[in-house]
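Asks: Throw the hints in and build the complete structure from the sequences for me.
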Amino acid sequence: MIDVKNLEKSFKLYQKPSDRLKEILLRRPFHTRHHALQGVSFRVEDGETLGIIGRNGAGKSTLLKILNGVLLPDAGSLHSSGKVTGLLELGTGFDMSMSGANNIRTNGLLIGMSEAELDARRDDIIGFSELGKFINEPLRTYSSGMVMRLAFSIAIHADPDIFLVDEALSVGDGHFQQKCMRRIREFRSKGGSIIFVSHDLNAVKMLCDRVIVLSDGKVAKNADPETATNYYYQILGNEESAEVDAVVERGYGNYHAEVTAVSATGEDSRCEVLSSGETLLLTIHISARETIPDLTVGLTLRDRFGQDIFGTNTHFMDKPLSLNRGESIVVRFRVPMMVAPGKYTLSIALHEGPDHTRVCYHWWDNAAGFEVSGIRGTHFIGICQLNPTVEYLPSSEVADDRAQQPRH
Amino acid sequence: MSPALLLHFVRQDLVDRHAASALGALWTLLIPLANILIFTLVFSRLMGARLEMLGMQSLGAYSYSVYLVTGLLAWTCFANTLSRIGQVFHEKAGLIGKVKVSLFTLPLYVLISELVIYGISMSFFVAFLLLIDFQLSWHWLWLPIILAVQQLLAYSLGLIVAVLSVFLRDIRELVTLAVQFWFWLTPIVYVMTILPDKWLWLFKLNPLYHTTAAMREALIIGATPDLLTLGIIAMLGMGLLMGGLFIGKKLERDIRDFL
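Protein chains in written order, with my numbering: chain A, 3 to 410; chain B, 1465 to 1723.
Some hints here could point you the wrong way.
Said to hold, decoys possible - Straight-line alpha carbon distances no greater than 27 Å define the calculated DSSO-like cross-link-like pairs of lysine-lysine that follow: (1) K18(A) with K1713(B); (2) K14(A) with K24(A); (3) K1562(B) with K1714(B); (4) K85(A) with K192(A); (5) K14(A) with K1556(B); (6) K1713(B) with K7(A); (7) K1564(B) with K85(A); (8) K220(A) with K1562(B); (9) K1556(B) with K24(A); (10) K1556(B) with K1713(B); (11) K85(A) with K1714(B); (12) K1714(B) with K1564(B); (13) K181(A) with K85(A); (14) K1562(B) with K181(A); (15) K181(A) with K7(A); (16) K220(A) with K1564(B); (17) K7(A) with K24(A); (18) K1713(B) with K24(A).
Derived from the structure by calculation, the hints contain no laboratory data.
Replies: Dropping the structure here:
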């Protein structure tokens, strides 16, 4: 359990450190003040995982450092039950000229393990890291991945009561990450609390029971992961929308009809980041310069590799549209985003008939972009959600089907 | 800070530092040994006669060497402890910003590590003394007490320097200079009798004058050192320690912010 009430922290910014001495001696202020945290309160129960998200400079690291005890707050109280171990940096104190085994000791002691715990867990740590005989080689002969694995292994075997994790878990290969995740779940089910600071919203959604959004040193939101991350997207959206469509290629065509604006937002998130499973609202503003009797509006969804994921148009969907000269209209597609987390772009096309090869009015590549982050509903892997069903049947009922089983 | 962690820092300081070199931890022994040899052999013929007037046993050519090394080893221990503790927050800034360590017990590792080096040097020195048939007296038992007083002073001053040097980087150079001056103001390479009587009181304000004198009294002459003076210096050391801890606690938040 960790209980934080009204934490305040401000940094006095000095031109140079000696100004602090001048201040003491002359009793005159020589600093400007930066409020890093203001009135921050929250509570993390045993077995609970709290995520902390926020933009750079929102106060996340300061908060974590105070929880860890490396910075002291100006005001407010901080109570925790049990040993707090912070992973503000993986592999703290690693010495590249020393062997892996030796560094286990250094790092382990530094992050709060006792001599006895180290002895008891040394083999587990080495086993978990999968370093094998390399453990007796100096660290400088390791690949960066191996160093990371060793650092993870030590950290994850530290077994504190409260774990402070800063970004750490988003590194390492998939296989190793899974091992770490399993270990963390075990840790939680045994009643350990975790405070997880990350920019990786996917990981935050997957891991956390509750999330707080820090903004300018204040708790802007303290809610379930979905609500909190959506709120965070909105903050981001408000600040970034100004820059986003500054430089956009407007595409090509004869411009008898033109796409004047496109927006792609999540139905619930109301911004350009949404969860997998959420509906994307694609709003396309079109104005016609000429009269067009048969107008098709099409979209193509591409992933970050430029691969076409999905495309359709109003012709295929059998929704004929015609526009008079000078007329404007808003077309809204509702697309259930049953796709994997990642970044996507949308291309919009206005043409005649089923495709743009006959008459193309306006073709606009990358007219809008959005990000799918986190999965709502059933988890899946791959690029899309096929929404399977599954049932369990007694084997006697399906005996007949087995006759038609594979021919080799 | 846990004893295990403290011990680890000491070990790192003494052994791991030389991990990459071929002779490894042997360097921790070789450097003091080389120093002892230089001072005992090179200076053996200098200033010998003057010392016998001070009541030393006659050691022939080695009188001055014994006189010099006794003071020099103690001084080296003092000066290294002081100047290294003075920079300890900068040296360990990476750790202080990452893991929770007490700012006031962290420097203990420097103290212990320097004491170990002193111990090693002293063992070589004792071996040398036995070789030249020096008579060790039971007054050697005063050594730990004198050393404790001297190192208390070093720790306290070091801590004050460490706190100040967070805010004023120039302190490092200043301390290096001050330690140099201090060395020559303390009768270590020269004998007390060359000091003019007129200025003797000034030299006696220096606490290291007294600890060095006490050290020689106990080790070389084989007499009980001036316990009253030692007591006063111990009190001074305690006072400085309290003062250092006080300003340290007061500025801890700023220290952590700055590092």
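Asks: What's the verdict on K18(A) and K1713(B), does the C-alpha distance respect the 27 Å limit or exceed it?
Replies: holds (21 Å)
Asks: Is the Cα-Cα distance between K1562(B) and K181(A) 27 Å or less?
Replies: With Cα atoms ~25 Å apart, K1562(B) and K181(A) stay inside 27 Å; holds.
Asks: For a C-alpha distance cap of 27 Å, please report whether K220(A) and K1564(B) respect it.
Replies: The given pair, whose Cα atoms are some 25 Å apart, holds under the 27 Å limit.
Asks: Is the straight-line distance between the alpha-carbon of K1562(B) and that of K1714(B) 27 Å or less?
Replies: Measuring from Cα to Cα gives roughly 21 Å; hence the hint holds.
Asks: If you draw a straight line from the CA of K1714(B) to the CA of K1564(B), is it 27 Å or shorter?
Replies: Within the cut-off at roughly 18 Å; holds.
Asks: Sort out whether K1562(B) lies within 27 Å of K220(A), counting only the CA atoms.
Replies: OK: K220(A) and K1562(B) at ~23 Å, within 27 Å.
Asks: K181(A) and K85(A): Cα distance at most 27 Å?
Replies: Given pair K181(A), K85(A) holds - Cα atoms ~23 Å apart, limit 27 Å.
Asks: Does the alpha-carbon distance linking K1564(B) and K85(A) stay inside the 27 Å limit?
Replies: holds (11 Å)
Asks: Under the criterion that the straight-line Cα-Cα distance not exceed 27 Å, is the pair K1556(B), K24(A) satisfied?
Replies: holds (25 Å)
Asks: Within a Cα-Cα threshold of 27 Å, do K181(A) and K7(A) meet the stated pairing?
Replies: Outside the cut-off at roughly 35 Å; violated.
Asks: Holds or violated: K14(A) and K24(A), Cα atoms, limit 27 Å.
Replies: holds (14 Å)
Asks: Quick one, are K85(A) and K192(A) close enough, alpha carbons at most 27 Å?
Replies: holds (14 Å)
Comparing the model with each numbered hint stated earlier shows that hints 15 and 17 do not hold.
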